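Using the supplied hints, reconstruct the complex from the two chains, each of which is provided in its own coordinate frame.
Here is what each chain is made of, one letter per residue.
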Amino acid sequence: MTQPILQCKRLTKVFGAKTALAEVSLELPKGKIIGLLGPNGSGKTTLIKLAAGLLKPSEGEIRVDGNLPGIETKAVVSYLPERTYLSDWMRVCDVLDFFEDFYADFDRARAVDMLERLDITTSAKIKTMSKGTKEKVQLILVMSRKASLYLLDEPIGGVDPAARDYILNTIISNYDTNATVIISTHLIADIEQVLDEVVFISKGNVVLHSSVDEIREQNGKSVDDLFREVFKC
Amino acid sequence: MLNKLIKYEFKATGRTILPLYLAVIVVTFINKILFTFTTDTFAFGIPRILSILLYVFIIIAMFVITYLIMIQRFYKNLMKDEGYLMFTLPVNPSALIASKLIVSSIWTVLSVFVSILSVFILAFEKGLIGNIADGFNEFFYYIDLLELNSAATCVFIEMILYAIVALVTSILMIYCAISLGQLFNGHKVAGSFAAYIGIYMVMQLVSTIMLTVLGITNNFVITTPQELTSFLQTILCASLIVYTILGIVFYLVSHYMLKNKLNLE
Numbered sequence: 001m002t003q004p005i006l007q008c009k010r011l012t013k014v015f016g017a018k019t020a021l022a023e024v025s026l027e028l029p030k031g032k033i034i035g036l037l038g039p040n041g042s043g044k045t046t047l048i049k050l051a052a053g054l055l056k057p058s059e060g061e062i063r064v065d066g067n068l069p070g071i072e073t074k075a076v077v078s079y080l081p082e083r084t085y086l087s088d089w090m091r092v093c094d095v096l097d098f099f100e101d102f103y104a105d106f107d108r109a110r111a112v113d114m115l116e117r118l119d120i121t122t123s124a125k126i127k128t129m130s131k132g133t134k135e136k137v138q139l140i141l142v143m144s145r146k147a148s149l150y151l152l153d154e155p156i157g158g159v160d161p162a163a164r165d166y167i168l169n170t171i172i173s174n175y176d177t178n179a180t181v182i183i184s185t186h187l188i189a190d191i192e193q194v195l196d197e198v199v200f201i202s203k204g205n206v207v208l209h210s211s212v213d214e215i216r217e218q219n220g221k222s223v224d225d226l227f228r229e230v231f232k233c
Numbered sequence: 001m002l003n004k005l006i007k008y009e010f011k012a013t014g015r016t017i018l019p020l021y022l023a024v025i026v027v028t029f030i031n032k033i034l035f036t037f038t039t040d041t042f043a044f045g046i047p048r049i050l051s052i053l054l055y056v057f058i059i060i061a062m063f064v065i066t067y068l069i070m071i072q073r074f075y076k077n078l079m080k081d082e083g084y085l086m087f088t089l090p091v092n093p094s095a096l097i098a099s100k101l102i103v104s105s106i107w108t109v110l111s112v113f114v115s116i117l118s119v120f121i122l123a124f125e126k127g128l129i130g131n132i133a134d135g136f137n138e139f140f141y142y143i144d145l146l147e148l149n150s151a152a153t154c155v156f157i158e159m160i161l162y163a164i165v166a167l168v169t170s171i172l173m174i175y176c177a178i179s180l181g182q183l184f185n186g187h188k189v190a191g192s193f194a195a196y197i198g199i200y201m202v203m204q205l206v207s208t209i210m211l212t213v214l215g216i217t218n219n220f221v222i223t224t225p226q227e228l229t230s231f232l233q234t235i236l237c238a239s240l241i242v243y244t245i246l247g248i249v250f251y252l253v254s255h256y257m258l259k260n261k262l263n264l265e
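So the protein lines, in turn, are chains Y and H. When we follow the working numbering, the leftmost residue of the first sequence carries the number 1, and every step to the right adds one. When we follow the working numbering, the leftmost residue of the second sequence carries the number 1, and every step to the right adds one.
Capping the alpha-carbon separation at 27 Å, the derived lysine-lysine pairs in DSSO-like fashion look like this:
| # | chain 1 | residue 1 | chain 2 | residue 2 |
| --- | --- | --- | --- | --- |
| 1 | H | K11 | Y | K134 |
| 2 | H | K76 | Y | K127 |
| 3 | H | K7 | Y | K146 |
| 4 | H | K76 | Y | K131 |
| 5 | H | K188 | Y | K134 |
| 6 | H | K259 | H | K76 |
| 7 | Y | K125 | H | K76 |
Listed below are several chain Y residues computed to face chain H (Cβ distance under 10 Å; list not exhaustive):
| # | residue |
| --- | --- |
| 8 | A52 |
| 9 | G53 |
| 10 | G70 |
| 11 | E72 |
| 12 | A75 |
| 13 | Y79 |
| 14 | T84 |
| 15 | S87 |
| 16 | W89 |
| 17 | M90 |
| 18 | D97 |
| 19 | D101 |
| 20 | F102 |
For the record, the hints were derived by calculation from the structure and aren't laboratory data. Every value quoted in this text rests on a predicted model; they were computed, and no experiment measured them. Even for Gly, the Cβ is constructed at its ideal location relative to N, Cα and C.
Isolated chain H (complex conformation) (with noise of 0.2 Å):
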């Protein structure tokens, strides 16, 4: 059923996702054509800067909407009048929080990557590619030189992995704050605000007395590139614990909330 429920959920928002990347793609390949066919004269000045506003709108455009169809989709899908179908289908809780927790982090990543296109078709020209390679080189040569290949891989595969958990924690964190908030009868969105400013200053809370205790415990001094590699992999180290922790803690409160609290009007 979970693959059913996540073919729904691409469905819904890849309407509305899905055209925004065309459109990224559009404007950059204008933005590309103009900036290779003109000249930096009069004429063409005001195509240009218009056309690099509307460039960097379309960009951030993508990134709000997509954070915003990852709230309306919680919200209006599951507490709203939608809930009513939603929540007498024949699957469990936990099915209609995971098909909407992977279908959001797949479209998040998918806008990155999109970015990441869009930079590299406007940046593209002939020995761009031999660049990028010469560069990575480069910077091998020295990890190399320096002896820190295991602890670049090492911090390598811990930012991947941070950066997965911080995705999944913080879309888990609203959810998190809709479940809470749907409690409040007739103040639903004011309700779910107010959850999740509190939650977030919990975790500021948290943070602050976990960089407190790392601080007391360890002595950071950073001189040389070993050292700074050491203090990266475990900042990096503890905030992967701290925020799988809280990931958990958030689907469990989503969890509870939907099967045994869920209030619908």
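Next comes chain Y alone, as it looks inside the complex (with noise of 0.2 Å):
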């Protein structure tokens, strides 16, 4: 069997006197797109955040590729916070140079053939963007990297729904067979199509992790469905 390029392992984080996550026990394999869907508030970000390394866990273990967060596994995950992490001062150039500076696996090419399709020329000023073109250009620099793990912390959150198609064609068209893509939200029904697998999380907890298909057929609903039953109010 394959290493899993996400392996948590009873993994703890907890802020204050609030837990987070609880004893998190979870495998994500190598070539898949993964949804995971939960409430807000429910350690979708917290448990994105330990993968991307910006966080400690509290207890337990998470390990990316079989390594402990770190150089190594930074280099190999590409992760699209909730935030608009881009530098005010900077021009869309300047972010080309500096993610190529950083990042050996960025594809210039690729982001400057995906800004010009949405029409941001590589002069454009950050300080001058609607805060939905920001999130393009940097979906767009998360997508032109050839990682091995996408952490995607509610991509489509903030744009509108046409920008939205084109960003879900973007990650599907985009990431190598063997990478894995993971995708917090918890609007499902717009992603549903494109998922392998879903993992709900709910409290700190993994209460469901199944492929779409075993869905599908186990319980004749569509996970959408499924969601709004197993998290009903």
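Encoded structure:
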């Protein structure tokens, strides 16, 4: 069996008195598009931040391709946070230089091509961009890397439906068959058709990890319907 | 990777600081021209006063902005949204701290040089360099006369080392305060200020104790130049050791915080 791209063993993260993740054990395979689904505050972002190396586990461990988070994992993880992390003073071309300098797997030509298709010029200043445009630039940067693991935290939350389709197309047409894409969201209906597997997460616990086909066969339901059932208020 | 981080740090800060240096030099020349080619008459009185005020203002602005950029780059680039990018780059936290520390130190030293250059331009007249050389000659003559050559060299080297260590440590103290302050959710700036004041108070306590101990163990009576240099050497040496230790502590605390206790919003 090949090594899982992401592996959590009794992974726990506590913030003060609040437990964000409680002893999560999870193995995610290579070459899949996986939906990390759960209501707000269920621990999705915490799990992604732990995988990206922005947080340290309180207990247990998380491994990316067999390694604890560190320089090696950061070189193969392409992470899209909820925040816009681009520096105001940069132009798009500066950001491209930056990614090219720090990430060996960054494909500049691919990024420029995608930017052109969205009518974003490389001389455009980040400062004058709308929030939605910044998010598009960020997604293009993240998807222009030939990473092993893509961590996309709410990639479609802030953009219009037309751009949403484009973004999803970008994601599925740009990832290598050996790479895994983890998409966290609560807008399930929009992304359901691209997912291979889903992980349902609730109050810091994984309540379901299954392939989308299995869900359809066993429950006769779409992922969206199952989600509404599982997380019924 | 460190050199790439340094490159971007220069890019990010240079676009503010370099125009400032240019402004200082331009204002310096305006003053120089005004004071060389005008006489102290009523007609030129107001332009002269205005240009002096502008000069003082721009020199102060240069130092204040250099200092503010030092703080802002660490806080905004690492602790705010941009931190999501910086801390997911394949680099160690130590490289992030080092790149910012090196670039801030260089800008501070350059700001000092620019202000010295500016004063030199203002004061320049025929024979100035000769006068300065004479002054140094006289100084070294007396050093020689008092047989203080080796001691003076020692004090001189210690003073340069002290300046470097004090600069680096004071920057690391700010980094340390910010990396402690970021733990306070929603009050990160206030937390950083509180941490800074806390560290400052501990430092004052330590240095007071140190000076007291030095005062008790050494009987400083200064009546001769020899006694003065030996006094200076002792004080400088002790300060050098204390600042070096403090600098290392500040670095280690900052590094630990960024590596293990990062708390991005």
